[in-house]
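Engineer: In this text, residue positions in the sequence shown follow the working numbering: the first is 1, and each later residue adds one.
Hints may be right or wrong, so weigh each one.
What follows is a set of in silico ranges between Cβ atoms, one per label pair, in the way DEER data are often shown [stated by the list, open to error]:
| hint | residue 1 | residue 2 | range |
| --- | --- | --- | --- |
| 1 | Arg76 | Val17 | 21 to 31 Å |
| 2 | Arg23 | Val71 | 31 to 41 Å |
| 3 | Pro3 | Gly67 | 13 to 23 Å |
| 4 | Lys5 | Glu38 | 15 to 25 Å |
| 5 | Arg35 | Pro3 | 37 to 47 Å |
| 6 | Pro3 | Arg65 | 37 to 47 Å |
Since the hints were made in silico from the structure, they are not lab data.
For each residue, glycine too, the CB sits at the ideal point set by N, CA and C.
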Amino acid sequence: MAPIKEAPVKAIREWKVIARDGRSWACGIYAPKNRSVEDVKFLEKHDCPELFYLLTGSVKLVVMRHGRKEVIPLTRKKAIVVDTWHNGFSDGRKKGMALVIERGKVSTQYMKLEKKC
């Protein structure tokens, strides 16, 4: 790998890895396609924690905490480390983007959310 490598920060699709070392870590741009909490149809859980940090716009995480769904807005003041069921949405006028850092190879489980009547 080159000693210095630039990684463009733009949302091409919902998830785009922009840098990795192949084994230990991967860094990517997350631009949620969901536009509201109601649009979130499933949650995912990896076999390791991942870090989220707001880059632009509005990004909110939907997480499962103590058996209940909770919405956590990302801010530029702190990073959030998630090690539970989660997904996200961007409800701003401009599509939001978050920087995500996770292990290089992850195993992911998915949980479909039940519809409310």
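Engineer: All hints are to be evaluated individually against the structure, with a verdict given for each.
Structural biologist: Hint check results:
1. Restraint check, Arg76 to Val17: a C-beta distance of roughly 22 Å satisfies the suggested window 21 to 31 Å.
2. The hint said 31 to 41 Å for the Cβ distance between Arg23 and Val71, and at roughly 34 Å that hint holds.
3. For Pro3 and Gly67, the hinted distance range of 13 to 23 Å is not satisfied, since their beta carbons lie about 47 Å from each other.
4. Range check, Lys5 to Glu38: about 39 Å between beta-carbon atoms, so the 15 to 25 Å window is missed.
5. At roughly 40 Å, the beta carbons of Arg35 and Pro3 sit within the given window of 37 to 47 Å.
6. The hint said 37 to 47 Å for the Cβ distance between Pro3 and Arg65, and at roughly 41 Å that hint holds.
Against the hints set out earlier in the document, violations occur for numbers 3, 4.
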